[in-house]
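Dock chain S against chain Y, hints included.
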Amino acid sequence: MEPIYFDYAATTPVRPEVREAMLPLLEGTFGNPSSLHRWGREAKMKLEDARARIAAIVGARPTEIVFTRGGTEADNLAILGRTRKERGRTVVCSSIEHRAVLNAARAAEEEGNPLHLLPVDSQGRVALEGLAEVLSAQPAVVSVMWANNEVGTIQPIPELAQQCAAANVPFHSDAVQAIGKLDVRVDHVPVTLLSMSAHKIGGPKGVGALFVRKGTALRPLIHGGGHERGLRAGTEDVAGAVGFATAAELAVKERAHQCERITRLRDRLQHALEARVPDLVVNAAGAERLPTILNVSIPGANSEMLLVMLDLEGIAASSGSACSSGGVNPSHVLTTMGIPADVAGPSVRFSLGRETTEKQIDEAIAILPPLMERLRSTSGV
Amino acid sequence: MQDSRTVLVAMSGGVDSSVAAALLVEQGHRVIGVTMKTFCYSEVEGPSQTCCGLEGIMDARSVADRLEIPHYVFDVERDFTRDVIDDFVDEYAAGRTPNPCVRCNGNTKFRDLLKRGAMLGCDAIATGHYARVDSDPTGNPRLRRGIDPDKDQAYFLWSLPPEILSRLLLPLGALTKPEVRERARDLGLVTADKPESQEICFVPTGNYVDVLEERLGTDHPALTPGPLVTAAGEKIGEHDGYARYTVGQRRGFGGGHQRRLYVIGARPETREVVVGKIEEVYRNDLELGELNWLGPSPTTGADVSVQIRHRAPAAAAHVENLAGGRISLRFDEPQRAVAPGQSAVIFDDDVMLGGGRIERTG
Chain Y
132 MEPIYFDYAA
142 TTPVRPEVRE
152 AMLPLLEGTF
162 GNPSSLHRWG
172 REAKMKLEDA
182 RARIAAIVGA
192 RPTEIVFTRG
202 GTEADNLAIL
212 GRTRKERGRT
222 VVCSSIEHRA
232 VLNAARAAEE
242 EGNPLHLLPV
252 DSQGRVALEG
262 LAEVLSAQPA
272 VVSVMWANNE
282 VGTIQPIPEL
292 AQQCAAANVP
302 FHSDAVQAIG
312 KLDVRVDHVP
322 VTLLSMSAHK
332 IGGPKGVGAL
342 FVRKGTALRP
352 LIHGGGHERG
362 LRAGTEDVAG
372 AVGFATAAEL
382 AVKERAHQCE
392 RITRLRDRLQ
402 HALEARVPDL
412 VVNAAGAERL
422 PTILNVSIPG
432 ANSEMLLVML
442 DLEGIAASSG
452 SACSSGGVNP
462 SHVLTTMGIP
472 ADVAGPSVRF
482 SLGRETTEKQ
492 IDEAIAILPP
502 LMERLRSTSG
512 V
Chain S
37 MQDSRTVLVA
47 MSGGVDSSVA
57 AALLVEQGHR
67 VIGVTMKTFC
77 YSEVEGPSQT
87 CCGLEGIMDA
97 RSVADRLEIP
107 HYVFDVERDF
117 TRDVIDDFVD
127 EYAAGRTPNP
137 CVRCNGNTKF
147 RDLLKRGAML
157 GCDAIATGHY
167 ARVDSDPTGN
177 PRLRRGIDPD
187 KDQAYFLWSL
197 PPEILSRLLL
207 PLGALTKPEV
217 RERARDLGLV
227 TADKPESQEI
237 CFVPTGNYVD
247 VLEERLGTDH
257 PALTPGPLVT
267 AAGEKIGEHD
277 GYARYTVGQR
287 RGFGGGHQRR
297 LYVIGARPET
307 REVVVGKIEE
317 VYRNDLELGE
327 LNWLGPSPTT
337 GADVSVQIRH
347 RAPAAAAHVE
357 NLAGGRISLR
367 FDEPQRAVAP
377 GQSAVIFDDD
387 VMLGGGRIER
397 TG
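Chains as they are written, first to last, in the numbering used here: chain Y, 132 to 512; chain S, 37 to 398.
Just so you know, these hints were derived from the structure itself, not from any lab. Nothing here was measured: the structure is a model prediction, and the numbers come from that model. Heads up, the beta-carbon is just placed ideally off N, CA and C, and yes, glycines get one too. Treat the hints with care, since some could be wrong.
What the hints assert, rightly or not - Distance windows between CB atoms, simulated:
#1 H256/S <-> T366/Y: 58 to 64 angstroms
#2 R237/Y <-> D126/S: 33 to 39 angstroms
#3 L154/Y <-> D101/S: 26 to 32 angstroms
#4 T466/Y <-> D126/S: 29 to 35 angstroms
#5 P155/Y <-> D101/S: 30 to 36 angstroms
#6 D410/Y <-> T212/S: 22 to 28 angstroms
#7 L154/Y <-> T42/S: 42 to 48 angstroms
#8 R114/S <-> P155/Y: 52 to 58 angstroms
#9 S40/S <-> T466/Y: 40 to 46 angstroms
#10 P198/S <-> R237/Y: 48 to 54 angstroms
#11 R114/S <-> R200/Y: 33 to 39 angstroms
#12 A258/Y <-> E326/S: 53 to 59 angstroms
To be verified - Interface residues of chain Y toward chain S, partial, derived using beta-carbon atoms under 8 angstroms:
#13 N433
#14 E435
#15 R505
#16 L506
#17 T509
The shape of chain Y in the complex, shown without the other chains:
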């Protein structure tokens, strides 16, 4: 059997079209976009074209797009860029944010901006009740992800953004998992700041962007030349920006078709596992979810061994937050949803993508149930 990659929420392969679009910028058009000579002008033109294309995808103006070195940097710029502008004011985020937001918010807390975490329900949805009171304290920023990376829960972003806008509080959303899968538009939804990443949608790693609505006061984190309107110093990665724009356009163009196809594959896998693995729990099953994510728990099984067994069978999935050395930490997302690891058993996230095939789903349906049963029967001895 060919190995099966079910970890598209972690990262995706660079699409051939993206590679083709990037190559001329790595080979020929190598200029520094800040230079006034023709090499520089040519590079600058490509960079600005990429910026305009990304802006168009989310309904922003080109001047509202700041290129960053990835989604994590975009999140840090949004959170710390705001809190350093508004020292002493609260930073608010949901308790199931990606660690890029959570740990940036904790850093802001250490710098003197009190941290307020918004609770979520058992499906991972941020509660809207009580938000008005939180907003009345005029926080420096409120941050809620568009869709969760571990369980896939889609957040009520329009409502949150509107409430924040009404209270005149900047609202940030990490849309890294949502771009290309959901209709993410800053012209329809009044978000102030929006994080994006290229490598989750077939673009290169190390490239991202932050949408910064016109008129938003933000302090830069990286100082140097006045690149990116003073918000992100450093010579721009023009090839990366072009790759990102190409990937984003393709993802948005194919969105309806791929979402329909992937939802069907995901549901088929989910129903097969539910039918064949007794007690299996589908996390966030009651929420509106990303079509690409299936997160399940297996009560009574050993938490570390599941991914190891999957890897040995040639199936790539993920669990909690993988540590770079290969250890696995319990998921803060499930814990905060009221599903502690030692009660619910290990959770595993299968995330599907553009390259996922019917045949892979058939194979997974054949392999996974006996493997999960073996895991359970040899655990807890």
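Chain S in isolation, oriented as in the chain Y frame:
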């Protein structure tokens, strides 16, 4: 060549387990490498709040990559703390000298490997210990000393569950340490010239008293002053905490004692440390508890050889009595520094019969 088996090999990141894994790959087995994270050094090693940067884990992974085998990290910190570190601290507090590696091998490491190996469909588990597993004439598996007398580690393995032997591979038992290093260099392993690891993995400072002070508190009776007495009961001074001393140690005790004094025991109930002349450190008899037999248990009167610490030569002894889960042994010649809490391991020539914890000496 033996049959190809699926083997789970414990890789600490040191040279020995690296070569063990390499030999198994060479022998044609399907090898899965694992590093057991027993203890988090993050508080000692700097700003990182996780164990991701642990050098041993990185080295083991690098060797596994080189051997093109999968490698995983198993977090056994909770069990290890409960079964090994807590016991280590309790033993010192009770005035004994524990042997944490034996405790870990018997309670944590091999049991965990066996269990996880079963989950992963492995036929065998392996480690880089210098000891051998082979079969006796009737076909039963037995544990023997490694052939390198300087490195033999059979002593640390007496506490293994006996059912493990039939599924245990120890590829280094027939090699010497210099041979192992040479193999590591030939294979280009990053760990080839790594120095010998420290003795106790959870004592990063190298001084076990630091761990006791952290876990017991510096005001614990085991770590605070008490009377220094002779075997006859004469108080000759003060010591600074009985857990700081080990039987057989020669120590400069404050007060300018001219005589050479050796620690011969501790009495936690009175906080006394008993000291005496070198002759008083020798013992003829010992009684073991927590017995574990890997081979046939000897009968009363049998002649055996007994090893009372790592790297000590085995001494001739005979079995005085074996009953009620305890064994009494009498040495032919008195032995120096027989420390309660330490392991005594019983051999018939180089074949391990079993062992126990030293509970009483006489």
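Tested hints:
no.: 1; hint: H256/S <-> T366/Y: 58 to 64 angstroms; verdict: holds (60 angstroms)
no.: 2; hint: R237/Y <-> D126/S: 33 to 39 angstroms; verdict: holds (37 angstroms)
no.: 3; hint: L154/Y <-> D101/S: 26 to 32 angstroms; verdict: holds (30 angstroms)
no.: 4; hint: T466/Y <-> D126/S: 29 to 35 angstroms; verdict: holds (32 angstroms)
no.: 5; hint: P155/Y <-> D101/S: 30 to 36 angstroms; verdict: holds (35 angstroms)
no.: 6; hint: D410/Y <-> T212/S: 22 to 28 angstroms; verdict: violated (53 angstroms)
no.: 7; hint: L154/Y <-> T42/S: 42 to 48 angstroms; verdict: holds (44 angstroms)
no.: 8; hint: R114/S <-> P155/Y: 52 to 58 angstroms; verdict: holds (54 angstroms)
no.: 9; hint: S40/S <-> T466/Y: 40 to 46 angstroms; verdict: holds (42 angstroms)
no.: 10; hint: P198/S <-> R237/Y: 48 to 54 angstroms; verdict: holds (50 angstroms)
no.: 11; hint: R114/S <-> R200/Y: 33 to 39 angstroms; verdict: holds (37 angstroms)
no.: 12; hint: A258/Y <-> E326/S: 53 to 59 angstroms; verdict: holds (55 angstroms)
no.: 13; hint: N433; verdict: holds (7 angstroms)
no.: 14; hint: E435; verdict: holds (6 angstroms)
no.: 15; hint: R505; verdict: holds (7 angstroms)
no.: 16; hint: L506; verdict: holds (6 angstroms)
no.: 17; hint: T509; verdict: holds (4 angstroms)
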